[in-house]
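Chain A is fixed; fit chain B onto it per the hints.
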Amino acid sequence: MIKQLTPYRCPKTVSQLAEQINALVSQRWTIMEVCGGQTNSIIKHGLDQLLAPSVTFIHGPGCPVCVTPSETLSQAITLAQRPNTILCTFGDMLRVPTDAQEQVQSLLAAKALGGKVQVIYSPEEAVALAEAEPNKDIVLFAVGFETTTPATAIAALQAQTKNLKNFFMLIAHVQVPPALYALISTPEHSIDAFLAAGHVCTIMGAHTYPAIAEQGNLPIVITGFEPVDILQGVLAAVMQLEKGEAHLENKYPRYVNTEGNRAAQTIINRVYMPANQNWRGLGEIENSGWTLQPEFKHFDAQQLLSEEKTKIYQGLSLHGEQSITSTASSTDYEKQPSQKIPDCQAGTVLTGKLKPCDCPHFGNLCQPQHPLGAPMVSDEGACATYFRYREPEITDESPPTMTVTDLLNA
Amino acid sequence: MTSYLTETAPALHCPTPHRSNNIITLAHGGGGQLSQQLLAGIIKPQLGGALQNDSDSACLPATNAQLAFTTDSYVVNPQFFPGGHIGELAVIGTANDLAVVGAEIKYLSCSLIIEEGYEVEQLAHILADMRKTADTIGAHFVTGDTKVVEKGKGDGLFINTAGIGYYYDDAPNPKKIAQGDAIILSGDIGRHGACIMALRDNIQIDGLISDMAWLGQQIKALLEAKIPLHCLRDLTRGGLISALSECAQSAALSFLLHADAIPVSDAVQSLCELTGIDPLHLANEGRFVLFCPQADKDQVLSLLHDFEDSRSACVIGEVTARGSHNVIQQTAYGTSRILTPPLGDQFPRIC
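The listed protein sequences correspond, in order, to chains A and B. Quick note on numbering: the numbering used here labels position 351 of the first sequence as 351, and the sequence is numbered without any gaps. Quick note on numbering: the numbering used here labels position 127 of the second sequence as 127, and the sequence is numbered without any gaps.
Incorrect hints may appear among the rest.
[Said to hold, decoys possible] Distance condition first, Cα-Cα at most 16 angstroms in a straight line; then the derived EDC-like pairs of lysine to aspartate or glutamate: (1) A:Lys44 / B:Asp266; (2) A:Lys3 / B:Asp266; (3) A:Lys165 / A:Asp300; (4) A:Lys44 / B:Asp72; (5) A:Lys44 / B:Asp278; (6) A:Lys12 / B:Asp260; (7) A:Lys3 / B:Asp56.
Calculated directly from the structure, the hints in this document are not laboratory data. Quantities reported herein were computed from a predicted structural model and do not represent experimental measurements.
The following block holds chain A by itself, in its conformation from the complex (with noise of 0.2 angstroms):
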């Protein structure tokens, strides 16, 4: 693996391709990717620093971890507090906190409170759960994007095979074209180029893109991780600036077709079909999520928390055990548009009008240890990437003195 992924670390092609695109300008060009791949290895890699005469990165949308609704994230610890209910998760959603002031507000800290919280690498070990463990409800958290969506929709038809009673999925897929659409549909954006994400491309192909860059009327480069990938993209990108250009490249063609995975893509349309989709920080975005297809509509782990709603009015405990409560109350359960915190300015950071090393609680108030939001949480959030990454300016602004309940949430 280490040996397929040396060329694309190549020191000198790097400063080859770096010296190309500085040379190659006639003005500063802001370029945007929306995956949160691709923004680390930006940052790590310092490729910002190596283009600095000549392009400005902004960071888009490109963090599922980041945009998974606050809401459906409380429902997620409801579910972990369940009485006979094990949440299965992808291991960065656990430190994500909520917008909302409950007492537990994020999975780890349901998780030292006695939630049933379990990590997985792949959904099939949610289905995998369900089998071993028959009296127990087994949800898993279907977060992430196209990358991630075929996996849950095989974890949903195995479990179809299997007939299992037990298995539920709490949905918060997001798809990148629509957010892409709404970029471009943003007033005033300044967004000259985008770098599009090789791996959901990998998945879904690249069709959808070439209308984008005509209504945008900006090129889109599909791009890959590594840092000659990067910069590959971007030097396409620039020459398409230059010349005036508007249209769809693909710089990752050794995983990248325009049809894509087509396998998968069946499989996805099989399981799921597009709905309406809250983005945090964003609100909601048309079509830019899925739903479970109605006949696999039993999975959907909503009607569990249905029944958390109706228990907490009727008072009574389901399996007879006492669920761990919250301070939540029934509104929590319905979907409403997503709230920011007061001071995050995630919403500018995603939709990249904002860096983040500029905004002003950057590195004060919020850091990793006590984030305002959720992209100061993920690896891949770019806030938490400037700040792995880069050194925080110091400010007259001091961090808040942490109390037990910054611990459990931390």
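Chain B alone, transformed into the frame defined by chain A:
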């Protein structure tokens, strides 16, 4: 008296015949006879004759040396891993904490918290290896304690060891780090953390073996060579970054790490590529960093290369006044980034 036993009457049988006890029960932690039996029958024979169990404290002879004292608890899961097990780690980890302040380990305590149901044979095996490891490094178990907790409350076995060591010169510490000092790393990083992670999460990668190793011999050789060691720090949880960050903060200086200077094995790198985990955050149990004047770095490396566990020791950077007490890493591309310690356990990324 009429006897009810006749030749034709069936012999009486006890309904609960005695069976040998091959698991630890709550009774073994109760302080009574079974506790004494465990101590006399298993623990003391395995941990050795220096164990003073006939008084509540170990009484140790006076010494002219200065004393270093440390303690650590071991809760590693799984308890057995490629390269060792929890018992050996409990001796080596504590011994290393003494070694990096220039102290030679002499005495150890051993406190066991055992979950009921734990197999006695496995416990004996672990204790025997602890004794062997202690013998190898010249340390003696002199005191200890045993507790037993209910099933489900203890994850099998937890071990605490405390260690006393002797040192004769000023102990190396971060306050002695000077601008311009060379930063030397004793070997490739991340093996222990990667090994444990792969076992826990069933990730199949060849060559993942813990780097668990005693550092005392290398450090003793360096001290005997009278090399001015400003600071030593063993790398444990939190990895290389945590150790360097702590030193930078204590020294109120910044460290500049050279591009591609930190050795990482292919197996560890493969696991990190797969999971998105940073190898600089992974735990180690047989590696240390060392700060010394630039003029002494070649002699340090020459000495370290004589030992198997530090054959790949190398200079990874130097101490600088630049920055805000950070650890800064140069990249292969001529750029730089700061390295921040992990907040807690690292979680594999979503995509």
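Hint check results:
A threshold of 16 angstroms between alpha carbons decides the hint, and for Lys44 (chain A) with Asp266 (chain B) the separation of about 21 angstroms lies outside it, so the pair is violated. Taking the CA atoms of Lys3 (chain A) and Asp266 (chain B), the gap is about 10 angstroms. The hint holds against a cut of 16 angstroms. The straight-line distance between the Cα atoms of Lys165 (chain A) and Asp300 (chain A) is roughly 11 angstroms, inside the 16 angstroms bound, and the hint therefore holds. Between the alpha carbons of Lys44 (chain A) and Asp72 (chain B) the distance comes to roughly 34 angstroms, so the proposed pair goes past 16 angstroms and is violated.
Simply put, Lys44 (chain A) and Asp278 (chain B) have alpha-carbon atoms about 11 angstroms apart, close enough for the 16 angstroms limit, and the pair holds. A distance of roughly 14 angstroms separates the Cα atoms of Lys12 (chain A) and Asp260 (chain B); the hinted pair therefore holds under the 16 angstroms criterion. Proposed proximity of Lys3 (chain A) and Asp56 (chain B) is contradicted: the alpha carbons are some 59 angstroms apart, above 16 angstroms.
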